[in-house]
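Based on these hints, arrange chain G with the ligands on the given structure of chain B.
There are 2 protein chains.
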Amino acid sequence: MAFSEFRSLDEKSLIEYIKAEPALSSKLGSNLDDIKIKEVGDGNLNFVYIVVALGGSFVIKQALPYIRCIGESWPMTKERAYFEALALREHGRFSPEHVPEVYHFDRTMSLIGMRYLEPPHIILRKGLIAGTEYPLLTEHISEYMARTLYFTSLLYRSTTEHKRAVAEFCGNVELCRLTEQVVFSDPYKVSQYNRCTSPYLDRDAEAVREDNVLKLEVAELKSKFCERSQALIHGDLHTGSVMVTHESTQVIDPEFAFYGPMGFDIGAFLGNLILAFFAQDGHANQVNDRKTYKEWILRTIEETWNLFHKKFIALWDEHKDGSGEAYLPAIYNNPELQRLVQKKFMEDLFHDTLGFGAAKMIRRIVGVAHVEDFESITDASKRAECERRALEMAKLLLKERRKFQAITEVVLAIRKLQ
Amino acid sequence: MAFSEFRSLDEKSLIEYIKAEPALSSKLGSNLDDIKIKEVGDGNLNFVYIVVALGGSFVIKQALPYIRCIGESWPMTKERAYFEALALREHGRFSPEHVPEVYHFDRTMSLIGMRYLEPPHIILRKGLIAGTEYPLLTEHISEYMARTLYFTSLLYRSTTEHKRAVAEFCGNVELCRLTEQVVFSDPYKVSQYNRCTSPYLDRDAEAVREDNVLKLEVAELKSKFCERSQALIHGDLHTGSVMVTHESTQVIDPEFAFYGPMGFDIGAFLGNLILAFFAQDGHANQVNDRKTYKEWILRTIEETWNLFHKKFIALWDEHKDGSGEAYLPAIYNNPELQRLVQKKFMEDLFHDTLGFGAAKMIRRIVGVAHVEDFESITDASKRAECERRALEMAKLLLKERRKFQAITEVVLAIRKLQ
Ligand SMILES: Nc1ncnc2c1ncn2[C@@H]1O[C@H](COP(=O)(O)OP(=O)(O)O)[C@@H](O)[C@H]1O
Ligand SMILES: Nc1ncnc2c1ncn2[C@@H]1O[C@H](COP(=O)(O)OP(=O)(O)O)[C@@H](O)[C@H]1O
Ligand SMILES: [Mg+2]
Ligand SMILES: [Mg+2]
Ligand SMILES: [Mg+2]
Ligand SMILES: [Mg+2]
Ligand SMILES: [Mg+2]
Chain B
146 MAFSEFRSLD
156 EKSLIEYIKA
166 EPALSSKLGS
176 NLDDIKIKEV
186 GDGNLNFVYI
196 VVALGGSFVI
206 KQALPYIRCI
216 GESWPMTKER
226 AYFEALALRE
236 HGRFSPEHVP
246 EVYHFDRTMS
256 LIGMRYLEPP
266 HIILRKGLIA
276 GTEYPLLTEH
286 ISEYMARTLY
296 FTSLLYRSTT
306 EHKRAVAEFC
316 GNVELCRLTE
326 QVVFSDPYKV
336 SQYNRCTSPY
346 LDRDAEAVRE
356 DNVLKLEVAE
366 LKSKFCERSQ
376 ALIHGDLHTG
386 SVMVTHESTQ
396 VIDPEFAFYG
406 PMGFDIGAFL
416 GNLILAFFAQ
426 DGHANQVNDR
436 KTYKEWILRT
446 IEETWNLFHK
456 KFIALWDEHK
466 DGSGEAYLPA
476 IYNNPELQRL
486 VQKKFMEDLF
496 HDTLGFGAAK
506 MIRRIVGVAH
516 VEDFESITDA
526 SKRAECERRA
536 LEMAKLLLKE
546 RRKFQAITEV
556 VLAIRKLQ
Chain G
146 MAFSEFRSLD
156 EKSLIEYIKA
166 EPALSSKLGS
176 NLDDIKIKEV
186 GDGNLNFVYI
196 VVALGGSFVI
206 KQALPYIRCI
216 GESWPMTKER
226 AYFEALALRE
236 HGRFSPEHVP
246 EVYHFDRTMS
256 LIGMRYLEPP
266 HIILRKGLIA
276 GTEYPLLTEH
286 ISEYMARTLY
296 FTSLLYRSTT
306 EHKRAVAEFC
316 GNVELCRLTE
326 QVVFSDPYKV
336 SQYNRCTSPY
346 LDRDAEAVRE
356 DNVLKLEVAE
366 LKSKFCERSQ
376 ALIHGDLHTG
386 SVMVTHESTQ
396 VIDPEFAFYG
406 PMGFDIGAFL
416 GNLILAFFAQ
426 DGHANQVNDR
436 KTYKEWILRT
446 IEETWNLFHK
456 KFIALWDEHK
466 DGSGEAYLPA
476 IYNNPELQRL
486 VQKKFMEDLF
496 HDTLGFGAAK
506 MIRRIVGVAH
516 VEDFESITDA
526 SKRAECERRA
536 LEMAKLLLKE
546 RRKFQAITEV
556 VLAIRKLQ
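Those sequence lines, one after another, are chains B and G.
When you read off a place in the first sequence, starting at 1, and then add 145, the result is the number in our numbering.
When you read off a place in the second sequence, starting at 1, and then add 145, the result is the number in our numbering.
Fair warning: there could be bad hints in the mix.
Claimed, not checked - Dumping the calculated DSBU-like pairs for lysine-lysine here, alpha-carbon to alpha-carbon at most 35 Å: (1) Lys544/G <-> Lys456/G; (2) Lys455/B <-> Lys540/G; (3) Lys455/B <-> Lys456/G; (4) Lys544/G <-> Lys456/B; (5) Lys548/G <-> Lys455/B; (6) Lys548/G <-> Lys465/B; (7) Lys369/G <-> Lys540/B; (8) Lys561/B <-> Lys489/G; (9) Lys334/G <-> Lys488/B; (10) Lys544/B <-> Lys489/B.
No lab work stands behind these hints, which were simulated from the structure alone.
Only a predicted model underlies this, so the values are computations on that prediction, with no experimental measurement involved.
Excised from the complex, chain B in its bound form:
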C-alpha cells in the first residue's frame, strides 16, 4: 500500500491518496479527472486542502509532526488529528448543524476528510474585521456551546461514561501542554516566543510579568485547566475556529479538545469578541466609523452568554430526570433547590468564563500568537492604543471577575474602557 505509513502529502500525492480511498473518491462523483486541489491552511498548525471535482467536494486536513507556522524546530504530535476527529464526531453528534461532518479519518496519515464549508463561508474573525453582522451567530454558537458542553458533562452522563472518555482524552496531553505554555505561562514570564507591538507596549508587557495579583489569578485558572474534567471542550474556540455565512455557523479545528473546564470554551469565544471590539477603532475610517458595528459586537457578547445560559438551563431541565449523575433527581427533588443549584452552577461558570476569556485576551497581546483583528491595523501606534485598552480590560476581568454578577456589567465595563 502506498499510504501504509505516514507521509506528508502535497497537492499531487493527495490525488493519489483520494483515488485509493473509496470513502473520499465516492464523494467526488464518477469523473475524477478534473479534481482541483488548493492548500488553504491559514491556520497555525496544520495543512488544509480544498478538494473540488464536478460531482462533489470535501476538505482534507493533515497534521504533520510539528507546528506549521514555526517549523520542525517545534515538534508536536501528529496524533492531535486523532483527537480532532474524535471531537468533531462527538460534538457533531450533539450539534450536527454547527459541526462539519467527518467523512473519513486515517490515523496513520493523521488525516481527516470532512465537509467543505463552501463560500460564502468565511472565518468569523475575518468577518469581524470586515465589519459584517451575522444575525444568527449568537443563536447558533450558543446552541453549539450549550449542547456540546451539557451532553459531555456529568449533568448528562454517568460517571462510568465520563471517566472512560476523560481517560481517552488524557492522551491529547501534548496539545494541553501547548495551551498551558502559550496561554497560562509565557505571557507572565520572559520567553523567546513572546511578541508585542514594540516599543509601545513594552512597558505594558513588562507590567503583566510583574503583576503579582494577575499571576495569582492565572495560577488558579491554570489549575482548573489542568485538573478539572468538566466536559469535552473544544479547547481552541476563538473566532478563527468558527466559519460563518449569514445563515450558517460552523465550528472547526477542535484539535485541542479534552475534558476540561467549560468556561475555557465560552471564555475563548467571548474574549475574542472583546478583542474584535477593541480592534474596531483601528479599522474605522471616513466611510465607516464602526460605531454601529461596535454596538453589534457588544450585543453579540451579551446575547451569546444570555442565550447560552438559557439553552444550557433548558437542557438541564429537560434531562433532569435522566441518567446524568451530578444531581440525582431523588436528591434535587424540589423546584426551589433545582433553582438554587442551577444558579450556583451558572455563577461559577460565569466567573470561570470571564477568567479564561481574559487569559485568552492577554496572551493574544503579549504572547506568541497574535490575532488578525489587531495585526491588520497597520499603524503601529494606533494598534498599540487598541491593544492597550483590550489589555486593560482583560486585566480587570481576570482580577475582578468574581465581582461581575451579569454579562451587562461586563458590557458596561467594556464601554467605560473603550
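Relative to chain B, chain G with the ligands alone:
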C-alpha cells in the same frame, strides 16, 4: 497451573497458593510445615489473612467480585485490588515509613501480599475507642498526607506524567461510584441502605434529606470529587485505614485510590477524629471521664492540620525550582508572590478539607456504613445524643466552611457544640 484463573481462597487453598509462589514462600523461611493462617478481615469489603511461619510472616488480602459485608447481591469489581496495589506502591515510594511494603501482587487472583503489621499494631479507630494516646500520630500522618499528596500533584509533576497517571486511575471508576453513592448521595435521599439510631435520629436524618443548603453544598463537593484530579488520593482515609503503635503509623487499604481532590483525604482523617471526639462521652465511665482524652483528640485535630500545612509548604519550597508544572519558577519568582500563591492554595485546601470531612461525618451517622466509635455505645439513647452533636457539627462545617480561617476556630466550634 492451579491458580491460572481467579478463585476465591480460604485458609487451606491459600497454603497451596503460597507454596507455589516463591515471592511469598521465600518470606517464610525454609520450614513451610508450620504455616499458621488466620482470616482477620474486619473490614467491609475484602478478605485478609495473616500468614505466620517460623521464619517470617506477611498478610494476604484478596478482593472478591462483590462487597463482603453485603454479599454477592452487591457486585464490585475485583480489579480494585489492582488499584490498591498500585496505590500502595506509589504512596509507599513517597512515604515508605508509613505504608506497608508490597511483596507480591497477582492481578488474576486480585491478591496482594504485603508486610504484616504485627502486634501491638492495632487499627487507630480501636485505639481511639479505648482512649489511647499516640504521641507520634500527628507527626506521622501529616508526613504521609503531605508527601503522598504533594508528590503526586502538579506541584511536583509534569502535565505529561500527571495525565498518564490520571488516565490509569480512571479505571478505578467502580470504587469512585461507590463513594459517590454512599458519601454524596444516599444520605441526602431515601435509600434502602441508610441506617440511623432509630427512633432517636429519625427526624435528624429526615432533616438532612430536606436541607436545601446542605444539598447545595454537597453537590459542589461531589463535583470536585468527580472532576478534580488534583493528586493521587487514598480515597478512604478514615481512622479504620490506619494501624498504629506508640512508635509506628501505617496507612493501609487504598483500594479507593484515584486522582481526586486532596481535601478528600485530609477531610476523611480529620472528620473521623471529630467523630471519635463526639463518641467519647458515650465511652466515659466512673473510672475514666474521658475529659483528658477529649483534649488530646482536639490537639490531634489541630496538630494534624498544622503539621500537614507545615510539611506541605516545606516540600513546595524545597522543590519550587523543580519540574512541577503548576507554578513555574520563571513566573512565581519572588518571595511575596510565592507566599501569596501558597496562602491561597492552602486556604482553598482547608475549606475543601472541612467540606469533605463534614460529608464523611454525615454519612457515618445517617448512611449505610457506621463507625465503631458510635456503634460500640450500647445505650441507644446515649449513642443518639453523641451522634446528634456530631451531626450538628458536620452540618455547620459543611455549610459554613468558608467562614473558618484556621483550624483553631474549628476546634473552638467543636468545644461549643460538645
Ligand atoms: N471544513 C472546512 N471548509 C472550508 N474551509 C476550511 C475547513 N476547514 C478548515 N478550513 C480553512 O482552513 C483554515 C485552517 O483550518 P484549521 O482547521 O483552523 O487549521 P489549523 O489547525 O492549522 O488552525 C481555516 O481557517 C479555514 O480557512
Ligand atoms: N498489613 C496488615 N497487617 C496487619 N493487619 C492488617 C493488614 N492489612 C489489613 N489488616 C487487618 O485486616 C483488616 C481489614 O483490612 P483492610 O485492608 O482495611 O480491608 P477492607 O478493604 O476489607 O476494609 C484491617 O482492619 C486490619 O485489622
Ligand atoms: Mg485553526
Ligand atoms: Mg441550530
Ligand atoms: Mg488548529
Ligand atoms: Mg478497611
Ligand atoms: Mg477497603
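Structure-based check of each hint:
The suggested pairing of Lys544/G with Lys456/G holds, with an alpha-carbon distance near 28 Å, which does not exceed 35 Å. Only pairs whose Cα atoms come within 35 Å are accepted, and Lys455/B paired with Lys540/G is accepted, the gap being roughly 33 Å. As the CA atoms of Lys455/B and Lys456/G are separated by approximately 46 Å, the hinted pair breaks the 35 Å bound. Restraint check for Lys544/G and Lys456/B: the C-alpha separation of about 30 Å stays at or below 35 Å, so the hint holds.
This hinted pair checks out: Lys548/G and Lys455/B have alpha carbons roughly 32 Å apart, not beyond 35 Å. Our distance criterion of 35 Å between C-alpha atoms is met by Lys548/G and Lys465/B, whose separation comes to about 32 Å. With a C-alpha separation of about 27 Å, the suggested pair Lys369/G and Lys540/B falls inside the 35 Å cut-off, and the hint holds. The suggested pairing of Lys561/B with Lys489/G holds, with an alpha-carbon distance near 31 Å, which does not exceed 35 Å.
The hinted pair formed by Lys334/G and Lys488/B meets the criterion: a straight-line CA distance of about 22 Å does not exceed 35 Å. The straight-line distance between the Cα atoms of Lys544/B and Lys489/B is roughly 20 Å, inside the 35 Å bound, and the hint therefore holds.
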